[in-house]
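Given the coordinates of chain C, assemble chain B onto it according to the supplied hints.
In case you want the letters, here they are:
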Amino acid sequence: MNITLKNVSFSYTDSIYDAVLKDISLQINSGECVVLAGESGSGKTTISKLINGLIPLYQSGTMAGDVLLGDKNTADMTLAEISKHVGSVFQNPRSQFFNVDTDSEIAFGCENLGIEPEEIRRRIEKTVKDFHLESLLGRNIFHLSGGEKQKIACASVNATGPDIFVLDEPSANLDLKTVADLTEIIKLWKSRGKTIIVVEHRLHYLRDVADRIIYVKEGRIECEWTPAELEAKGTTYTASLGLRCMNLESLGEPNREDCHSREGGNLPSCSQTSNIVFKDLCFAYNPKFPILEIPTFTLPRGQITALIGHNGAGKSTLAQLVCGLCGSRSQKRAVRKLGTYLIMQDVNHQLFTESVLDEVLLGMSPKDKSAALEILDSLNLKSYAEKHPMALSGGQKQRVAIASGVSSNRDLIVFDEPTSGLDYRQMLAVSATLKTLANRGKTLFVITHDPELVLNCCHHVIHMDHGRIVNEFPLQGNENKLIHSLMCK
Amino acid sequence: MDVGRVGTLAVSTMMLISHMMPIGIVLYYVMQTTKANEFMAGMSKMHIPNKVTIPLTVMIRFFPTVFDESHAISNAMKMRGIRLFSLQTLKDPLTILEYRLIPLLVSLTKIGDELSVAASTRGLAPETKRTCVVPVGFHVQDAIVFVYCLAVVACFVIAGRTKQSIIDIVCAFFS
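So the protein sequences, as listed, match chains C and B.
Residue 231 in the working numbering sits at position 231 of the first sequence, with consecutive numbering throughout.
Residue 510 in the working numbering sits at position 21 of the second sequence, with consecutive numbering throughout.
The following block holds chain C by itself, in its conformation from the complex (with noise of 0.2 Å):
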C-alpha cells in the first residue's frame, strides 16, 4: 500500500504559523523501508502521526495537506480502520501495553479488529514461530526487560497483519544485542513485501535494511540519501547533522580525529589520585539465585567510568546498590558515609519543588543561595533558576537533578542512562556537563548503552553480565574492545 503525503503543514497549536510540519510531500512505496532522520524536535515524530492517523483524528491542532493511504484520505477514516493497515511500535515499552501477560497482550489487536478466535489463536503461534517467543509466552509483561517488551510490542501489531509498519525510536531504551533483534525482525518484515516507517537517531542498525533515510530539518524535508550514501560521507559529516553515527564498527578504529578531539570541552587529567573502593557487594530476591555477586570494584576519583553490559546483566541493581537504594543494613550505611547520588533514566521522578532554585536548595544544608546558583551556572542554567523545574525540557530537567546531586555535596554521581534517546548534539550536551561535573572532582559512574557517549567522555570501562564483572579497562587505546563489548560479541 503506498503511502502518500501532500502539501502536508501541522500545527499543534490554533495557528499555522507554529507549524511544526511545513508544506511536506512525500511518497512511501508499497514495501519500502523507509528511515526518519533528525534531531529532537524536528517534526520526524509528526510525519509518523500522520501515517498511522494519530494526527489529525487523536492530536487536536491544525492541518493542511492531505495524507493518502493506498487511495484513502486519513481524515476520512477511523482510527480503528486505519489500524488494519497501519501498525505502530512506540518508544517506551513500559506504556504501550494494554494488558499485563504476554498472550492477551499479542492477541490484544486482533480482538480489536474482530477476528475469529480460531484465526486469531492460529496467527499468534505463527507470530511466535517467526518472532522465537517461545520462552516468554504467559509471562508478566511488568517482569520483562525492556528489549522483550520491545518484542511482544512488534509482535502484537504484527498478528493484525497491517501492510504498514511505523516504529517511533524503538530501539531508544535498548542494548545493542537486543537491538540487532530489532533488525532481524524489521528484515523479516521487509522480506514479507511490508512498507516500513521508523523514526530514528541511531541509525546503525538501520544499515541493511533501510532502502532511503529521510533528514528531517525544522518541520522540512531537507535530504534524502541511500544508507550506503550517508555512510560515504563519513561520521563528521553526520554528526554536524546531528545524527548519531551509521557504522559502529568505525567508532572502535583508533586515532579516529573526531572522537579523540573529544568535542565540548577537555577531559580532566587522568593523574589517579586515589581510588573508591566497593567491596562484597551481592544482592539476591532468592539466596539461591544470586543477582549480583561482586566481591569488589574500584571507581578512580574524580574520573568517568562507564557501566556497560546488556539489558538484565544487573547493572541497575549495582547502581541501586551503590546508591544506598536496595541491599543490606551495613552496606547502606557505608554508602551514606561516601555520599553518592542517582540520576535516573525517568528524571520526572525526581523532581519535586516550583522553582529549579528550590530543588537546588533542598538538599543543602545549611542553605546558601549563592552557592545554589553558582551551581546553576555551572550547569548553564541559572536564567532558569525561577522556573518550574517541570516546565523544562528533558535535557534541562536532567541538569535539574545533577545541580540538585551536586548542591547536597555528594561525590559519586550515578547516572542511569543519560542518553537514552538523544540525538548526537543533546548527547554531546550530555557529555560535556559529565565532564564539567569531573573536572568539578566528582567521581562519576555511568550506566550506558551508548558507544558514542563512552568514546567521548569515560576514562574507564567496566563490563558487566550475569551479575558478574567480567572485564574492566581503561578507554584509552581499547576502543575497539569497548565496540565489540557493548555488541557482546
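Accuracy of the hints is not assured; some may be wrong.
Computed cross-link-like contacts, BS3-like style, restricted to lysine-lysine with a CA-CA straight-line distance of at most 25 Å [said to hold, decoys possible]:
1. C:190 <-> C:126
2. B:599 <-> B:567
3. C:279 <-> B:567
4. C:72 <-> B:567
5. B:618 <-> C:84
6. C:367 <-> B:567
7. C:367 <-> B:580
8. B:580 <-> C:369
9. B:524 <-> C:84
10. C:126 <-> B:524
11. B:540 <-> C:337
12. C:397 <-> B:540
13. C:84 <-> B:540
14. B:580 <-> B:540
15. B:567 <-> C:369
16. B:580 <-> C:397
17. C:387 <-> B:599
18. C:332 <-> B:567
19. B:540 <-> C:129
Hint data in this document are derived by calculation from the structure and do not stem from the laboratory.
Only chain B this time, still in chain C's reference frame:
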C-alpha cells in the same frame, strides 16, 4: 501545633481506611486474577457498553503502573534525603504530600496519554465489536458463587432489620 485538628484528621483517616479496605481488597483480587481481555469479553457478554468498559479496563492496567511509579519516586526521595518523619515534615506535613504527588501526577498523565495512544492505534474503539481468544461465559460455578453471595447479602440485610446476630439467622435458616 493544633492537636485537636490533627486528632480529628487521624480518626477520620482511620475510619476512611477501615471502610474502604473491603473495596480495596476486592479491587486487588480482581486485578490479580482477571486479564484485561477476559474482563472486556465478560462485560460485553453482559451487554455493558464499550464506553463504560474501556475506561474500567484502563484502570485495571493503570494501577500496577501507579505502584511502579510510586516506588521509583520514593527511591528518588530517599536519595534526596527527604524522609517521611523529620523536623521539616513535622513542621509542614503538606510538603511531603506535594513532593510525593507532583512527580507522580506528572508521570501518570504522560503514561496515561501514551497508553491511550497505543490502544487507539491498535484498534480499540467504542464502536468496534471485539472478540476474545479466551472463552468467557456464565457457567454453573458462576451461578453457585452468585447464589452464595446473594445469600450472604440477604443475611446481613435481615440481621440489620431484626437486630439478630448473623449466626442465629443462618442457624434458623437451616433448622
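A quick look at each hint next to the structure:
{"no.": "1", "hint": "C:190 <-> C:126", "verdict": "holds, 17 Å"}
{"no.": "2", "hint": "B:599 <-> B:567", "verdict": "holds, 23 Å"}
{"no.": "3", "hint": "C:279 <-> B:567", "verdict": "holds, 23 Å"}
{"no.": "4", "hint": "C:72 <-> B:567", "verdict": "violated, 54 Å"}
{"no.": "5", "hint": "B:618 <-> C:84", "verdict": "holds, 14 Å"}
{"no.": "6", "hint": "C:367 <-> B:567", "verdict": "holds, 19 Å"}
{"no.": "7", "hint": "C:367 <-> B:580", "verdict": "holds, 17 Å"}
{"no.": "8", "hint": "B:580 <-> C:369", "verdict": "holds, 22 Å"}
{"no.": "9", "hint": "B:524 <-> C:84", "verdict": "holds, 24 Å"}
{"no.": "10", "hint": "C:126 <-> B:524", "verdict": "holds, 23 Å"}
{"no.": "11", "hint": "B:540 <-> C:337", "verdict": "violated, 55 Å"}
{"no.": "12", "hint": "C:397 <-> B:540", "verdict": "violated, 37 Å"}
{"no.": "13", "hint": "C:84 <-> B:540", "verdict": "holds, 21 Å"}
{"no.": "14", "hint": "B:580 <-> B:540", "verdict": "violated, 46 Å"}
{"no.": "15", "hint": "B:567 <-> C:369", "verdict": "holds, 23 Å"}
{"no.": "16", "hint": "B:580 <-> C:397", "verdict": "violated, 28 Å"}
{"no.": "17", "hint": "C:387 <-> B:599", "verdict": "holds, 20 Å"}
{"no.": "18", "hint": "C:332 <-> B:567", "verdict": "holds, 12 Å"}
{"no.": "19", "hint": "B:540 <-> C:129", "verdict": "violated, 36 Å"}
Checked against the numbered hints given earlier, this structure breaks hints 4, 11, 12, 14, 16, 19; the rest are met.
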